[in-house]
Amino acid sequence: MSYVLKRLGFYLLAFWASITLNFLLPRLMPGDPVSRMFAKGGAKLTEEQALQLQQLFGLDNRPMWQQYISYIKSMLTGDMGVSISRFPSPVSEVIGSQIGWTILLGAVALLIAVLLGNLLGIIAAWYRGGFIDSVFPPLLVFLGSFPYFWLAMAGLYVFGTGLGWFPLRHAFTAGIVADWASPAFLADVAYHLVLPASTIVLVSLGGWALGMRNTMISTNSEDYIVMAEAKGLKRSRIMLRYAARNAMLPSVTSFGMSLGFIVGGSMLTEVVFAYPGVGYQLLSAVNALDYPLMQGIFFTITAAVLAANFLVDIVYVRLDPRVRTA
Amino acid sequence: MSPISLSRRQALAGGMIGSVTALLALAGCSTDSAEGSGRLLTIPREDMGTFTRNFNPFSPNSAPMTAQAVYEPMLIFNAVRGDTVPWLAESWEVADDGMSMTFHLREDVTWSDGNPLVAQDVVTTFDVQLKTLGGYDYLDTVSAEDDHTVVFTFSRAYSVALYELGQQLVTPDHVWSKIADPAKDTNENPVGTGPFTEIANFQAQSFDLMPNPNYWQKDKVKIPGIRMLAFAGNDGANLAAINGDVDWAPQYMADIQTAYVDKDSEHRHYWFPGIGSTIQWTLNTTKAPFNDPAFRKAVSQAVDREAVCLTGMSGYADPVDTTGMGEGFDEWKDPEVLESPLCTYDVSAAEKALDDAGYTKGPDGRRSNPDGSELSFSISVGSTSSDWLSVAQIIVQNLADVGITATVDSPDWSEVTSSLENGSFDTAVCWSSVGATPYTYYQSAMSVDKVKPVGEQTFENYHRLGDQEATALLAEFAATFDEAEQKEICKQIQARFLEIWPVIPLFPGPEWGAYTDINFTGWPTEEDAYASLSTRSTTTVLILTSLEPRA
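Line by line, the protein sequences give chains B and P.
The opening position of the first sequence corresponds to residue 1 in our numbering, with each subsequent residue numbered one higher.
The opening position of the second sequence corresponds to residue 1 in our numbering, with each subsequent residue numbered one higher.
Because the hints were derived from the structure by calculation, they are not lab data.
A portion of the hints provided could be inaccurate.
One-sided and incomplete, this derived list gives chain P residues near chain B with beta-carbon spacing under 10 Å [unchecked claim]: (1) A95; (2) R227; (3) W413.
So these bits of chain P aren't anywhere near chain B, every CB distance computed over 12 Å [what the hints assert, rightly or not]: (4) G49; (5) A144; (6) A232; (7) K333; (8) E421.
Where a beta carbon is used, it is the ideal one built from N, C-alpha and C, also for glycine.
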């Protein structure tokens, strides 16, 4: 229990530090949102209008510490303010309307990558030196080392424009009604998910497979594996129950961490495929110097990462008895 | 962990992969449900990743087409031809003393909810506008004389008012007089006079605009509707255009001939008229040597504008002339001013002018300031504007040819903008103001009213140079409503502009626009310039009421 409390204390500290950074970073950026809007519109606003907008958006010129106190207060009460670039929508509404897509994309891609990657790793390690072991890990590492942006664009170019197999953009076809009870709509959503999700899978697969393969190999030389083999147990049983189960621990940690990064991690994918989501939203928030929205999104990402890590810590206590005594 | 838990997990995984495969199979057989018999005019919006259902015309970030398809102004100014199209008002006149202006509204206009357009609508519109966004500081009163006559009175004679008042979007009194806080209203179901007012199928990344059932020019609306698509950048929007998924491409596209037109040269066209704001090399005149007009004139002659336009702007723009004004203002330009060589590339003339002004070459071939100090400075451009960056690089090369050392400084645009606004920059490639008459451009370039001291935030006249004589001429221009007289005064203003040379104009900003006529015909062209190809100008409604589906 004291272990969990200690971790909790650590997470609270980390949380405070990161929301303070969230407060500081946008304010260190030069320029202000209204003149940003002004520059974009090609000098169509008058000075008077600009000042009026600054007032409307509630951009305050109070001393930093006062702004900081009201910021902390509003963060704790869950009030993230009003978005500037999507005025007058509240930040929580903007994030709320987008985060579902991000989680869908991130979770589907993560689950496929983890399952497929670990499976490949297990098989590669078990049949060490075999076909799968000699072809897949190097190939996947090769693919994974590509700049992600480039790979996604190449995928879009080949399978989207070139072959025309998959849609080029958005989460579902423009003009159809979003009805989550209709199988045709779900199919459309899944169809639009294929390219963005598979590019994420392609890039991250190598990491999962290689990690699993390496721990499996060291597990394979453990005495209890030799013992199990000597007992004449079924090979598949030894592979999955004895070796893989014990080699899984590092993967569980990475999985937990990736779980938190689902929220902020697929930004580039969302940009390339014009897929809706908070990553896409973050890009436009930064472009428009929309501080409240930026802060809101950073806050959401931070909270997700920390919460996921905390959960992993708790699960770990259950999975690995050694941490309980530590 | 019991053995069952593992197998359950395996089952779960298997099930998930299975259902994804099933969904994919389903998707394979589903047809594109969106395309019916009447294709909607599909337009991308490249700077909005997602749309918000906000059709408030008084909002700075209303959904696209709010100002083009839903609400309409009293008159439309066509910047390509420099002419005016009467719209909700059929005529207007100005009082002899220039202190008031009367607009006569058309009698056959109805709002999309069936109510007639009346003068009170215009009065309320200006009430709301002044309350929410301000502007119109010269406006004294707005009153409805009768149902179709609106009278504006001014606190000072101001001729440019015609275009400003006339282009204000008119909103219905019976809706907006009841809204308590118009600045914060999202106006989800707008009532407008425009051709497409019915919002259908609103999604974060697309929405449709269907025809106004009570449109006053019903016979002109031939397209079944408009579909807007959201993109967070040019790349996605360009891809959609190149792939033929959109009918209109109003965004910047590099090498448009090869990337877009050549894919289907029979149907795809582009046209970039130079009617945008003049792109200029802005020198901070609060610093030396930029405060020296002789220096500004000398380096202006050192800039190879042909190369700037051909290489830097990929030939999409044409060099500016010495008036600094764009293509729509040809009849305002003074032939005498046009003869000046200040915008003509001439290295030896530039070298001589620099020598004469005391910027002499040292033994290393590099020039220094008259007081002997080192002459070097930076040219700021936002890092995302690749075209303007190469423009700046060409200028750097041109300056090196005459012995001046300059460097390109390219941080993010927000950093450049803030240095322009507070006056800390050296020089920059940036935009100017532009309006329906030359007044707007010259006012922001030379009026003392627009000059702020360094450190104080300003939104125009970044170079911070005002001229008393030009200010007096501008006031004269604004006070007269006689166009012949305005033209005479404008010539004097141009002469003054040439004399003090406050900025170094480079080229009139091109207005991007490309289209495919595979689905719709009737687009404006260079020969039939009834509008520009912009989707964000007041002339856009002229296109929406001219296009026809291809038979």
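* Going by Cβ atoms only, is P:R227 closer than 10 Å to chain B? -> OK, holds: P:R227 within 10 Å of chain B, min 6 Å.
* Could you let me know if the closest chain B CB is still more than 12 Å away from the CB of P:K333? => Correct as stated: the minimum Cβ-Cβ distance to chain B is 22 Å, above 12 Å.
* Per the CB criterion, is P:W413 less than 10 Å away from chain B? -> holds, 7 Å
* P:E421 clear of chain B by more than 12 Å, beta carbon to beta carbon? -> Check fails; 6 Å does not lie beyond 12 Å.
* To do: Please settle this one: P:G49 was flagged as non-interface, so is its CB more than 12 Å from every CB on chain B?
  => violated, 5 Å
* Can we trust that P:A144 is non-interface, i.e. its beta-carbon lies farther than 12 Å from all of chain B? -> At roughly 25 Å from the nearest Cβ of chain B, P:A144 sits farther out than 12 Å, so the non-interface label holds.
* Closest CB of chain B to the CB of P:A232 still more than 12 Å away -> violated, 5 Å
* Asked: Can we keep the P:A95 interface hint, with Cβ of chain B closer than 10 Å?
  -> violated, 25 Å
Against the hints set out earlier in the document, violations occur for numbers 1, 4, 6, 8.
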